[in-house]
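Mind docking chain D on chain F? Use the hints.
Number of protein chains: 2
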Amino acid sequence: MFPRNPEIYFILPSFHLKIMIQRIRGTRDFGPEEMWKRNWLALQLRDLARAYGYREVLTPVMESAELFVAKSGPGVLNEMYSFRDKGNREIALRPELTAPIIRFFVNDLQDSPLPLKFFSISNCFRYEEPQQGRYREFFHFDVEIIGSSEPAADAELLLLSNEVCSRLGLKNYSYRIGHVGIVRGLLDAAGLDKARQPEFLHLIDKGKRDEAEALLLSSDVGRGDVQQIMHVCNVKGDLSVLYGMDFEGVDYLRSVLEIAQSGGLHNYRVDLGVVRGLDYYTGLVFEVDFPELGAEKQICGGGAYRLSHLFGGPDVPATGFAFGFDRLLIACERSRALPEEPPLDAFVITLPGVSYTEGLEIAGMLRKSGLSVETDLMNRNLSKALKYASQRRARFALIIGEKEKDEGVVLLRNMMSGEEARLPAAELYARIKV
Amino acid sequence: MFPRNPEIYFILPSFHLKIMIQRIRGTRDFGPEEMWKRNWLALQLRDLARAYGYREVLTPVMESAELFVAKSGPGVLNEMYSFRDKGNREIALRPELTAPIIRFFVNDLQDSPLPLKFFSISNCFRYEEPQQGRYREFFHFDVEIIGSSEPAADAELLLLSNEVCSRLGLKNYSYRIGHVGIVRGLLDAAGLDKARQPEFLHLIDKGKRDEAEALLLSSDVGRGDVQQIMHVCNVKGDLSVLYGMDFEGVDYLRSVLEIAQSGGLHNYRVDLGVVRGLDYYTGLVFEVDFPELGAEKQICGGGAYRLSHLFGGPDVPATGFAFGFDRLLIACERSRALPEEPPLDAFVITLPGVSYTEGLEIAGMLRKSGLSVETDLMNRNLSKALKYASQRRARFALIIGEKEKDEGVVLLRNMMSGEEARLPAAELYARIKV
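Those protein sequence lines, which keep their order, are chains F and D.
Per this note's numbering, residue 242 is the first one in the first sequence, and the count goes up by one each step.
Per this note's numbering, residue 242 is the first one in the second sequence, and the count goes up by one each step.
Just chain F, same shape as in the assembly (with noise of 0.2 angstroms):
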């Protein structure tokens, strides 16, 4: 049979065969240098939350997309990869880790004593166009409290995420810190009406302060609050801004930054139109910057909400902040040197007349005495082993010839330096640990 088509015969296979299956846009892979990385930076996470008491806990990477509605409302439905299951059922992948956690909360954890401080380190998922710095799949440091709504918890949170950067040695960062509350008030004041305020605010938080002004003047605002409410946004400074403030939340703002100072917060400014996007920030609001990074600058965002009651739970006070995981590791790399993989301590070499067993054994031993030893797995002979050797970056070969094993000792090279030595096996690991 010849087939009808023979170009299309012969050229499809062999075009299936060249396409590579790609990963997908605006995912990652992470190799082994990075991971070292990321392990190290998520093992100084785990420490500075543990030493403040707080537990991890870790949800699972798919939920109910109705979760994430009733959190951000139904347009958060066009920046999440939500699908429908076979049984209809509309699955978001995680967008973030705080509606996920208050979820858990709410189904689970209602009857234990408040606060719960809790961490999370894990994957989220955003479905837009990936750009710089902004990936479809990237990370979160995220730190909550449930069941406060004092001042000490809120400048806990600072203190935390200050000391998270000082602790991995960041460099000029600074926080911008709010309190969504005030300006909030001022509206209910002025007037305003409940249904308008979120898009207020939103434009404030994108910095349109002339529409926003715009917005005030074409309601039933008077001009006298206009006025007040757009110099309010425009409060900046350090705490004494807020003396001789005397609208609702200022004096809590206060306290906050009172506790945050005395335990050593300084590098931030008030800065009272940071009222972040989301209409679910009831009080304090904050953010890190780390400027270098330029328009990804913001590598940290938090405050006070109320979500509980929207998931069907109690309605508790919660506070919380989010590191964006693979910002922060940036910044720590523009910031110090940051640890690297560890070379391979050891690989072993058996030439032809000694059996892969007798370098097993020794692998075995030097292993279990917490080296890292790698044998040969390819069969090859001494120059192509050794060369292995070098590109796999081992600190030393051991090579097991015919006259090493009728000596009782293994040649030990040093690959840095060429240096090779003729020892007993029990006399190696002495040698090779660093």
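Hints in this document: simulated from the structure, not taken from any laboratory.
Careful, some of the hints might be misleading.
Copies of the same chain look alike in the list, so a pair counts if it fits in one copy or across any two.
[What the hints assert, rightly or not] Here are the simulated lysine-lysine pairs, DSS-like style, with alpha carbons at most 30 angstroms apart: (1) Lys447 / Lys327; (2) Lys674 / Lys628; (3) Lys674 / Lys435; (4) Lys538 / Lys327; (5) Lys609 / Lys644; (6) Lys412 / Lys477; (7) Lys278 / Lys609; (8) Lys628 / Lys644; (9) Lys609 / Lys538; (10) Lys646 / Lys609; (11) Lys278 / Lys412; (12) Lys278 / Lys449; (13) Lys609 / Lys412.
Then chain D, alone, in the frame of chain F:
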């Protein structure tokens, strides 16, 4: 305006308020105690894999669905979470980690010196009815060697997986080890159409020997060949069952097992009926059972395979295994006591008349020394604060009242014994550290 149907009008909102948003069926939230154990297990696995020279990698949760179709055939679409993204691309949540790691190799690592030895610990997804020990989001500890087809590589995986089990203290686990090439070679020699071989192997894998035999008999396979094939699929026992067998693959399997035995693997049984359900296996296949888990007794599976060329890369051999992380953790718990989340070291309480920041200073000092310390974030009175400290399993309470402040001491209360002491701050660490 009176609503047309007042019942619905009033019932709907309250109905909404009471509906609790639930986690998705078949997924889990991990609380702090569970996370402590999971982190502990991950650390053990990392340490062991690194001792053998394996390096950690991490691939994205989302992959092109075609990756898994190329590996396992279109049937896999029914068992995966897959969906079309907004660009109409078919996306899958990875059901396992092998294909993504090989895809990573094909995309970025073809020029690396071989073998590449990688491991990964991460979450996978499958869309099937949740049941005891089977979740829709689950975790794999995956280990791969890319580039070697030597017995030493396969033996290393047997030895590493064995060391995982033994170092974790697993009781009564055992290996079943086969070589799918032996049975395939016999099917080829007997003239069974390549297209029908997977069907036969699937039946053997499921233990449906009668149906497998019927399949051969209904094909053009001679009666003598059928007998021989069914006999070989039933070969079980120690290494000696392979002596005297003269089929392709037998020598290779013997070499693997001789190395593995010399490296300490003894709790295994040759079982040539172990062919694993998946078509891409080419040589060694093995499974580790922990019988106490009943229907979920298989805690690990692995083998030699070729996938790279299916993804558009070079045709390189590879071999690997995956432990079910969740099952492995259960097997650990059934075998031994696991380390528990340590209690909070200290809970700091400041009494009326003493500033909260006095306590914060003490807490900060102790945290810097490596202790885990909480301060009271709820502004509670002494008895309520002590109750919380006790529920929170704090080892010590540190109480600062006006009297203590005046005397320059802190009241240290052992929460287990009730013992109390009054100490200067500088002496606290020595008394609290374990």
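Which earlier hints can't be squared with this structure? Numbers 3, 12, in rising order.
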